[in-house]
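Colleague: As given, the protein sequences belong to chains U, B and Z, one line each in that order.
Add 32 to the 1-based position in the first sequence for this note's numbering, that's all there is to it.
Add 691 to the 1-based position in the second sequence for this note's numbering, that's all there is to it.
Add 9 to the 1-based position in the third sequence for this note's numbering, that's all there is to it.
FYI, nobody ran anything at the bench for these hints, they're computed from the structure.
Cβ coordinates follow ideal geometry from the N, Cα and C atoms, glycine included.
One thing to keep in mind: the hints can contain errors.
Chain B stretches covered by chain U per the calculated footprint, using a threshold of three residues with CB under 8 angstroms from any CB of chain U [claimed, not checked]:
1. 747–760
2. 847–855
3. 964–971
Taking lysine-lysine and the BS3-like style, the derived pairs with C-alpha atoms no more than 30 angstroms apart in a straight line are [to be verified]:
4. U/K367 / U/K413
5. B/K764 / U/K260
6. U/K398 / Z/K59
Computed, partial: chain B to chain Z, Cβ under 7 angstroms [what the hints assert, rightly or not]:
7. V727
8. A810
9. A819
10. F936
11. G937
12. V941
13. G975
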Amino acid sequence: MKKVLTALLAAGALVTLAACGGNSDDGSGDSGSSNEKVTLKFQSLAFQKTTVAATKKIVADWNAANPNIQVEYVQGSWDSVHDQLVTQFQGGTAPDIIHDESADITGFANQGYLADLSPYLSQETKDAVPQGVWDTVKTGDGKIIAAPTLLQSYVVFGNSALLKQAGISTTGDSLSWDQLQADAKKLTTGGKYGLGWGLKSPTATVLNLGMNFDAQFFEGSGRDATAKIGDPELEVPKRIHAMAYTDKSIEPTSLTQSGSDVLPGFFAGKYAMVVGGNYAAQQMVEQAPKGLRWEVLPPLKGDSTKQAANPQTLSVPAEGKHIEQAAKFIDYFMKAENLAAVGQGDWLIPTTQAARDAILKSTGGKNGWEQTLAGAGELTKAPFQSVENYPKWKDQIATPALQEYLANKTDLATLGKKLSDGWGQVNS
Amino acid sequence: MTATITAPPETPVRKTGRPKQNREAIFLFLPALLPVLLLSVYPLIRGIALGFTDARAGLNVDTSFVGFDNFAKLLQNDLFWSSFRIGVIWTLSVTILQFVAALGLALLLNTDIKFRGVARTLALIPWAMPPVVVAIMWRLLLHPTNGPVNEVLQTLNLTDQPVNFLGDFGTALPAVIVVGIWVGMPMTTVTLLAGLQGIDRSLYEAAAVDGAGVWSQFWNITLPQLKTVIVAITSLDLIWNFNSFGLVYVLTAGGPGGKTMLPMLFAYNEAFRYGNFGMAAAMGDVMVVIIIVFLAFYLRNRLRSQA
Amino acid sequence: MRTRPVARTLQYAAVVCYLVFLAFPLLWLLSSSLKSPREFAGITPSLLPKDVDLGNYSDALSEQGLVRGLMNSLQISIASTILVLVVSLPVAYALARFRSRLRPVTNGWILVSQVFPVILIVIPLFMILRPLHLTNTIPGVVIVYMVWSMPFALWMLQGYVAAVPRELEEAASVDGAGRLRTIVSIVMPLLRPGLIATAMFTFISAWNEFFFALVLLQDPELKTLPLVLARFVGAEGQVQFGPLAAASVLATVPSLVFFAFLQRRLTSGLLSGAVKG
Chain U
33 MKKVLTALLA AGALVTLAAC GGNSDDGSGD SGSSNEKVTL KFQSLAFQKT TVAATKKIVA
93 DWNAANPNIQ VEYVQGSWDS VHDQLVTQFQ GGTAPDIIHD ESADITGFAN QGYLADLSPY
153 LSQETKDAVP QGVWDTVKTG DGKIIAAPTL LQSYVVFGNS ALLKQAGIST TGDSLSWDQL
213 QADAKKLTTG GKYGLGWGLK SPTATVLNLG MNFDAQFFEG SGRDATAKIG DPELEVPKRI
273 HAMAYTDKSI EPTSLTQSGS DVLPGFFAGK YAMVVGGNYA AQQMVEQAPK GLRWEVLPPL
333 KGDSTKQAAN PQTLSVPAEG KHIEQAAKFI DYFMKAENLA AVGQGDWLIP TTQAARDAIL
393 KSTGGKNGWE QTLAGAGELT KAPFQSVENY PKWKDQIATP ALQEYLANKT DLATLGKKLS
453 DGWGQVNS
Chain B
692 MTATITAPPE TPVRKTGRPK QNREAIFLFL PALLPVLLLS VYPLIRGIAL GFTDARAGLN
752 VDTSFVGFDN FAKLLQNDLF WSSFRIGVIW TLSVTILQFV AALGLALLLN TDIKFRGVAR
812 TLALIPWAMP PVVVAIMWRL LLHPTNGPVN EVLQTLNLTD QPVNFLGDFG TALPAVIVVG
872 IWVGMPMTTV TLLAGLQGID RSLYEAAAVD GAGVWSQFWN ITLPQLKTVI VAITSLDLIW
932 NFNSFGLVYV LTAGGPGGKT MLPMLFAYNE AFRYGNFGMA AAMGDVMVVI IIVFLAFYLR
992 NRLRSQA
Chain Z
10 MRTRPVARTL QYAAVVCYLV FLAFPLLWLL SSSLKSPREF AGITPSLLPK DVDLGNYSDA
70 LSEQGLVRGL MNSLQISIAS TILVLVVSLP VAYALARFRS RLRPVTNGWI LVSQVFPVIL
130 IVIPLFMILR PLHLTNTIPG VVIVYMVWSM PFALWMLQGY VAAVPRELEE AASVDGAGRL
190 RTIVSIVMPL LRPGLIATAM FTFISAWNEF FFALVLLQDP ELKTLPLVLA RFVGAEGQVQ
250 FGPLAAASVL ATVPSLVFFA FLQRRLTSGL LSGAVKG
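In isolation and in its complexed conformation, chain U is listed as follows:
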């Protein structure tokens, strides 16, 4: 019996040992008083070298000025952020400052994981961001669950030489979809395509650009939302499809690739234009062959040039021990010069006018910045952002259905039916 006991103890010790060996999650104390020294984890999703550098510099500057609130930069990734946050929240190991995007965090807010920042954020921050953008990070009952930082819009990039050769002018306030279609057709000659469009993940593009035609996709919010799929919602996929399969001016393989996968084709002159998030500009700067000149075309216009404002966000977990301190850092991050720095690194549009002005000043509006910033005013909240099961609908329904349609495997009516029936299935 003694032996048994000893062995049991030994086995127990093993587990305990392992438990003790585990380094504690944060080097800070438990209490939240603001004078005590705390270390905050900031999980950033910045992925382009320039933005990572800009973000790290903000952290370093902050740390130098705030010895009691140290921020530790932790690298996350856009692809896995949602899954990672689910496990982090569940395991109680969420970082103190969470970088994500507005459409992705609605679910977390409804699950009670995100702290209400309205009592903590400074008035200065609150005033700097327009009300329309704040709406994208507010819950139904008025809680602010994040600070919006940067906005993305979808833009058309063109190969200057090829455009000029075809006699296509790129000035003007906007580029209508009809014009885009005509240009792409004109540019499709001799084995080259007018347009390459990386639509491996088509949902975000279709929903955002859908605002051009006033597409709603959803009515209501939270779990009660209903799907609304009609002509305006299907306009963007219909036009892309027509260009790819009727005009044959979009290279069909590009539709199955990611945004960055199509860039080599653009660099090689295989496509005269590509459509992508404006952050692609940074990759062009870094990777384009020396002789290639490219430009950003005016914003796309349907009934309007509106696109969905789906800002990147900074949030704080509700279970976090240092909400107050984390909010202070977010205030600092939101300062014009900081937002301008990360925005410039990512070629994304800061949410505050002051930061936009700063970018315009430092870049002189060159390299497409003028066009990029001009699109900012047209970004508005879209219904899908306040729908709790949007991520699930996006993954399981919309993405497969759109991919299938864009691969010319189904017709428009089937697409519409799938999008709206699918909502019933995932939202049950």
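Starting from the structure of chain U, add chains B and Z where the hints point.
Modeller: Okay, now just chains B and Z, sitting in the frame of chain U:
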């Protein structure tokens, strides 16, 4: 690993001293017991039970027992069943093709051809590679613009457009299956080779004397002699392939359009993307039942025909 | 058996086909790891890099996460391998030597643990580890790996133990040596090759493991190499093929080296022994 495939050798029973032996055995088991109970047996049982609850992500959410609700919902869930169908296609194709390819290679390696040592070593390499690396490597190979597979196809004029194998609806599942075969071949080959080497040479000599040709020898000696090994390795391959995750997660993450959404990926998403732990566990329960039924059926048939 | 020349030629042709299928991907990975970024931006690929560029390797190694991932993976794999051996050897011995009631139970567990999809296990595992503060820690992953590599280790080891002639032990016990001493001084030395093979096997499976690590480790500082690599691929933004390929090559080296050792044993003693058994 091969040791795992064949049954552990029977030990002759010693009739004397049994009570003492039992106590000693328990003592030897003890260090392993607590971790195994805590981290394997208990999670298994708990996991099965979880399928009957509405456990989900959220701060301070209560979990309650919901009986067969999850399973009733699953019955309605077309997406789950379509992922199940994909899982079955994947499992069967990979297992069968892998077996055929591996048997061919094992037969070759069992002959007296030159360089078979080198060949054997090379053939084992995929086994040593992390699945994630395998996936990365094949993404490079199958890349539409700078992958060699497309280059070769286009040079031979077999295609005029580059094919995005992993991104195209028609080719994604077959492409993933090829990678699955590639990964699993070494293991199957080594096992079959070991089986082949265990076959008594004199059987062939006797058959040759009787004038049996190569084919007849293969059908009448090799296959029957290998039967146990074949049943063992294909059963294991079936289980492993059905439960595989990392490879496809990195290759396609279930895309395009869910065409490679294996059940494991589907259940993973249900749990760790959408936070429905109870529902995900219910999916796991369904998978277990199917595997067990399938295996029982397969093994019974195989073993009966052997008797 | 004589083989006709035609058949022989066919055999060689078949072997070459197999080897191309099995080895070419690896060659391509190697060559990709030596290509410059500009070469990747081009659209016509070639097997041999135009000019060998080791920059990808230094890029990959300068990527902080990668080196850390490498260290984490090493740490986890070594620790779990040692633990598995320490814990499994006595059990394997008991399984091979005694006909105790625990034997069918253990073998049942070994089988069951192979059949169950990990998704079913990982959720409760997560819930158990959380109150112990073991989620998102290296020790947590180590003990999980230990438990989940045990079935394999046990199965391998009990075969090896059974292969040690019982008479040797009996002779020792006649000489008055206790059970423990017999194990340590007689069985262990004979088991060395088996222990090494089992250890390498456990190491490789821990080194390659992805799923448990994916769920249990969230801190970037704690991530294992496969997780770090998987993150590289995913990024919608830019996939830098060169450094990615270089990192993949680096990630394969340790298990390949181990494998080179293991392979000899696998194809010689172990195989025939196991199959005859």
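Colleague: I'd like to know which numbered hints this structure contradicts. Please list them from smallest to largest.
Modeller: Of the numbered hints, just 6 does not hold.
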